[in-house]
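> Letter by letter, the chains look like this.
2 protein chains.
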Amino acid sequence: MIKAAAFLLSVGMACAQPALLPWPSKVAMGQGSLAIDASFRVALTGYREPRLDRAVERFLARLAQKTGVPIASSFSSDTSQVALRIACDHAGELVEKLGEDESYRLEVSATEARLTAPEPLGILHGLETFLQLVEARSTSFAAPASTIEDQPRFAWRGLHLDVSRHWMPVEVVKRTLDGMAAVKLNVFHWHLSDDQGFRIESRRFPRLQELGSDGEFYSQEQVRDVIAYARDRGIRVVPEFDVPGHTTSWLVGYPELASAPGPYSIERRWGGFDPTLDPTRESTYEFLDAFFGEMSELFPDQFFHVGGDEVNGKQWNVSDAIRSFMATHQLKDAQALQAYFNRRVEAILEKHGKRMEGWDEILDPDLPRNIVIQSWRGQKSLADAARLGYAGILSSGYYLDHMDSSATLYGVDPLAADSDALSRDEKSRILGGEVAMWGEFVDPENVDSRIWPRAAAVAERLWSPGETKDARDLYRRLDRVSFELDALGLTNRSSYEPMLARLTGGALFEPLKNLADVVEPGSLGQRQRTHKYTQQTPLNRLVDAVRPESALAREFAAAVDAGDHAVVQRWLMLWRDNDARLAPVLAKSFLLTEDAVVSKDLSRLGTIGLAALDFKERRTRPTPRWIAEQRTFLTKAAKVQAELRIAIVPSIQKLVESAAH
Amino acid sequence: MIKAAAFLLSVGMACAQPALLPWPSKVAMGQGSLAIDASFRVALTGYREPRLDRAVERFLARLAQKTGVPIASSFSSDTSQVALRIACDHAGELVEKLGEDESYRLEVSATEARLTAPEPLGILHGLETFLQLVEARSTSFAAPASTIEDQPRFAWRGLHLDVSRHWMPVEVVKRTLDGMAAVKLNVFHWHLSDDQGFRIESRRFPRLQELGSDGEFYSQEQVRDVIAYARDRGIRVVPEFDVPGHTTSWLVGYPELASAPGPYSIERRWGGFDPTLDPTRESTYEFLDAFFGEMSELFPDQFFHVGGDEVNGKQWNVSDAIRSFMATHQLKDAQALQAYFNRRVEAILEKHGKRMEGWDEILDPDLPRNIVIQSWRGQKSLADAARLGYAGILSSGYYLDHMDSSATLYGVDPLAADSDALSRDEKSRILGGEVAMWGEFVDPENVDSRIWPRAAAVAERLWSPGETKDARDLYRRLDRVSFELDALGLTNRSSYEPMLARLTGGALFEPLKNLADVVEPGSLGQRQRTHKYTQQTPLNRLVDAVRPESALAREFAAAVDAGDHAVVQRWLMLWRDNDARLAPVLAKSFLLTEDAVVSKDLSRLGTIGLAALDFKERRTRPTPRWIAEQRTFLTKAAKVQAELRIAIVPSIQKLVESAAH
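In the order they appear, the protein sequences are chains A and B. Residues 0 to 660 (numbering that gives the first Met the number 0) make up the first sequence, in order. Residues 0 to 660 (numbering that gives the first Met the number 0) make up the second sequence, in order.
Mixed in with the good hints there might be a few duds.
Which stretches of chain B does chain A cover? Using the computed rule of at least three CB atoms under 8 Å from a CB of chain A, they are [to be verified]:
1. 128 to 136
2. 407 to 413
3. 570 to 579
4. 587 to 599
Below, computed lysine-lysine pairings styled on BS3-like, alpha-carbon distance capped at 25 Å [what the hints assert, rightly or not]:
5. B:Lys-173 / A:Lys-173
6. A:Lys-426 / A:Lys-379
7. B:Lys-313 / B:Lys-512
8. A:Lys-512 / B:Lys-512
9. A:Lys-599 / A:Lys-653
10. A:Lys-531 / A:Lys-587
Hint data in this document are derived by calculation from the structure and do not stem from the laboratory. C-beta: ideal position from N, C-alpha, C; glycine also.
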């Protein structure tokens, strides 16, 4: 009981802190709070532009949604009788620039709130902060009195979305942008082409999308609409056209670009493939000049991502023409040839007014120092690049398809590990990072649940001061953000039940949910080892529905740590008894038969946990044989089965070890 | 254990029956099943029209959604290699007519399915039935082999939606139509005006919507769009303009229509009000002639609903002019005056080619026999009307705001009770019924959860043979329909968690959900007695979020009945312990403080239930004093508190009585 009381107390104290995420640079809490009711009004003063008007209208609609209070979404420029006064000093860049001033200051008193910022970007961020401050308090919805001064730690806070492997319609992109804005991410990295699909309309080279996309691509009008939508939310849009590898889908319509004879067809499998642009022919560069020129006009951002990853060089090594070109130009290997290609590409992009960005593999001392390296291989390559004078952003450690926990993602810092030893000047070249959502195992139905709320942990890492790193406090705030994103129109929470219900047609839903609530999907690698997947494989199994991070397993672990016997016992009983109800359901559906073993193991974990509790309670020690048996089983149960991990295994291990000692 | 096994067996057997709802007139199950995979194709033969093409496209998209299998939504008129062949015999009426042929025949074998129907309406219904047949089976998604012959028991199967008291935007109306089509309801009764809002654009009398709606009304273009959307789904649209009472919102812009001097303003409270059109002035009829004429052109349906309910006559009784008119025309009381008004209105509608429909109160032997009476007062007035030769539909017993269970709604039959004694001919005048969603306590956020899935119980009552009345089997199918409606884009399930999360900002969500899962909203009457409500009162409290019928309470009751000790005990422990976690959360939010007493009672119910279990287990009888104490408490706990009912009280009563005997 004392432990439970202490737990409640700590929860109580934590709740006194607002659920801001990312946590601002400076927060000082005051006395009292500003009540929010149907009369809530906003005034915009100082510099004005339509983007700010729209932002305030969205803000008011969301405030109404968040509270359920019918707040009018109109606003006034009259400065009397308003609850929130907004003053923006001056305009921002016409095209949002890396490193633009994003700071803001928000003061909330019991009578009014003031939001000020040098530029519109700061106002956009401050409005998100204000929304996060609002909660139901003792007499009304209210924002607690506080003074917040805020600005980002890193200027480049990105989210990378692969729309090639699985097609993501515009509505998915837009709600992703909504989520990004809510947690102050500011770069949408749009992975528009890959072996499995070419996803944008080219008017110069229409066979790119006509033959390379199964008809699933963005029109240029849609792209412009997305860019405007992003700008409204303070987000830059950086397109990626991955060259010279990952280009199978280009070669379906333009086989003459390839390093080996065609014909080519859209790749349906996952993995690395041979097809590569031919870097030895001038016609390749003429094509890229024209195509990148077209895209450079469409995408206003300063940066242009050309991929450059995972070129295996196989097509080059078997081509006489290419080998002879390499000999003539003294290019000793595939890497040297790719470096040559990149220099040519960089020149093309420079001509079109762009700064080149690419994955680690493009790093080459002969490239100019204004390119940006995105590291997927590890923090070392980022540090190496910085030493050579290149700017870089971190994605290694931020791959959402690895299915790491929010706490793990949160622990990765662009300036830690290999970058820790860099000089101040070198460190300044590390611009930030990008969380990456690759497309093998996501589709429009489940992608939100794979991105959110975990991406918000990275958003905080990239925005907040480096000292903000208490994972427990992160989760407190992440839980709220997860609900708020869903309310904003994302499906990170709401896709779960319908996907589960599909598996049984809604019949006997609870036992299936009991299992689903404590299992997590295996990583990309673990899944590919289990099943043969292609682009056409439906993502309709239990592994596709369950959330990357089991909230219940986390709660259960906390209850085990707190020694909350009643709660621990109740869950263990539930799991122990669940398989008897679930097994007949699993046996009936081809989508679920594979999960029978997982359900059985969960039941046994419940039994083991209860036995361990019982030993503790009776103050007897289990026999060495019992202990050994349980350890063996737990080692097995900790492994991925049916592409699923049972997330409570570590807690059961704790109970067993605690009974054993 | 034997009981549990029997329970599983019965579930297993129940699952062998497909989850069709409404249950068809004739179902014969065959051997094997038709596999559904990405190659699923449909061919349309026989009579074709664009409405059928669109229906098949929607059907295919929903099949893809239901299975997660990427099924193309294109279809073919070539008859080779198709899984589902559809043959429609001939066109239906240009404007859907009451009593049109809605029958269809669906044959599914292991190799293909055939859907045939005389008219498009039958095809639409048959496609819904086919979708409900599909489920995950042992080797694939499949539809079980079966032969279904189907047609409705009643021709009028309606849903009445009040959009006046709370505004419901077009998207709410459209998803309501989607839900109706899914369960074969075929009349959308659109309650477009009432004291609290006039919700449609009149071009003849624009002050109706300009001054009577707070700007929340449908444009005529939107109305046409809704009618087309409904027709695509086999649904007639019957507008209601309630006269002469319930007209406050009309009188804001046109006070000269009133029986007492103005000015008038939109009514914000709930209840019955005095303002009434003046039935004694010719100008009133000139207005109605012009306005109903305009609306008759807009709404193509044969029927036109003029309300007529709840005229209190107060304005008439205090007006010298009206009293003198009544004397002149020998109208002895308000009822007689209203009958006079109705005869005039009927003549106007007849001139515009419409059949008049109204609530019980319009019944008057001097009206022609082609009008239709909608009974809200009880089955007796329906039977009375039928005896007088009037057609009628039942709504009494189908009021969703009474918060009755699906089983209760399901038990109401238009041809039972007072109608049971009618002659065959009289019975034939009872056309069907309408489930009614009044607008006092619903808004776009929670309305779906109030309508669905309960309205589906009424849909089955009105479609299926009268002998189909096993409530337990209804629930089995209703649970699935509930998930499927949500997947179709309704929010009947998905609105729940976000509305709960709002109450605590997402913090400590689970204990709040534990409470919410077993409480139900009080009825309209119970709510109004507790709180002062107006149109502006936010519907953002626990009572607005919780579902009308607790599925968990139903499951718990089944476990109590089955003597499933482990399950019963686990829930009781959860409830017993929940208040300790929840109470501090409730205390913090002004929206939740009122629920503290309910949470405390739930906890005590858990304690009592566990004690009762314990007595049983130890085979001892509780003392008479203990029994008396629990009974007293249970009587109190069964009452509505904070507008909520605790739905497990009857089960706890059972446990206590079982321990006492």
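> Can you confirm whether chain A covers the stretch 587 to 599 of chain B, using C-beta to C-beta distances below 8 Å and requiring at least three such residues?
Contact hint for the stretch 587 to 599 of chain B vs chain A: holds, 6 residues under 8 Å.
> Mind checking the alpha carbons of Lys-426 of chain A and Lys-379 of chain A for me, to see if they're no more than 25 Å apart?
Holds. Lys-426 of chain A to Lys-379 of chain A sits at ~13 Å (cutoff 25 Å).
> Taking 8 Å as the Cβ threshold, is the statement that the stretch 407 to 413 of chain B is covered by chain A upheld or broken by the three-residue rule?
violated (count 0)
> Between Lys-599 of chain A and Lys-653 of chain A, does the CA-CA distance stay at or below 25 Å?
20 Å, holds
> Has the given pair, Lys-531 of chain A with Lys-587 of chain A, been kept, meaning a C-alpha gap of at most 25 Å?
Between Lys-531 of chain A and Lys-587 of chain A the Cα gap is close to 23 Å, so the pair holds against 25 Å.
> Apply the coverage criterion to the stretch 128 to 136 of chain B and chain A: a residue qualifies when its Cβ sits closer than 8 Å to a Cβ of the chain, and three qualifying residues are needed.
holds (count 3)
> Does Lys-512 of chain B lie within 25 Å of Lys-512 of chain A when you go C-alpha to C-alpha?
Answer holds: Lys-512 of chain A to Lys-512 of chain B is near 15 Å, not above 25 Å.
> Lys-313 of chain B and Lys-512 of chain B: Cα distance at most 25 Å?
Violated, at about 47 Å.
> Lys-173 of chain B and Lys-173 of chain A were given as a pair; does the straight-line alpha-carbon distance stay at or below 25 Å?
Cα-Cα ~23 Å, so holds.
> Are there three or more residues in the stretch 570 to 579 of chain B whose C-beta lies closer than 8 Å to some C-beta of chain A?
Since three or more residues must qualify, the claim that chain A covers the stretch 570 to 579 of chain B holds, with 4 doing so at under 8 Å.
Consistency note: the structure conflicts with the earlier hints numbered 2, 7.
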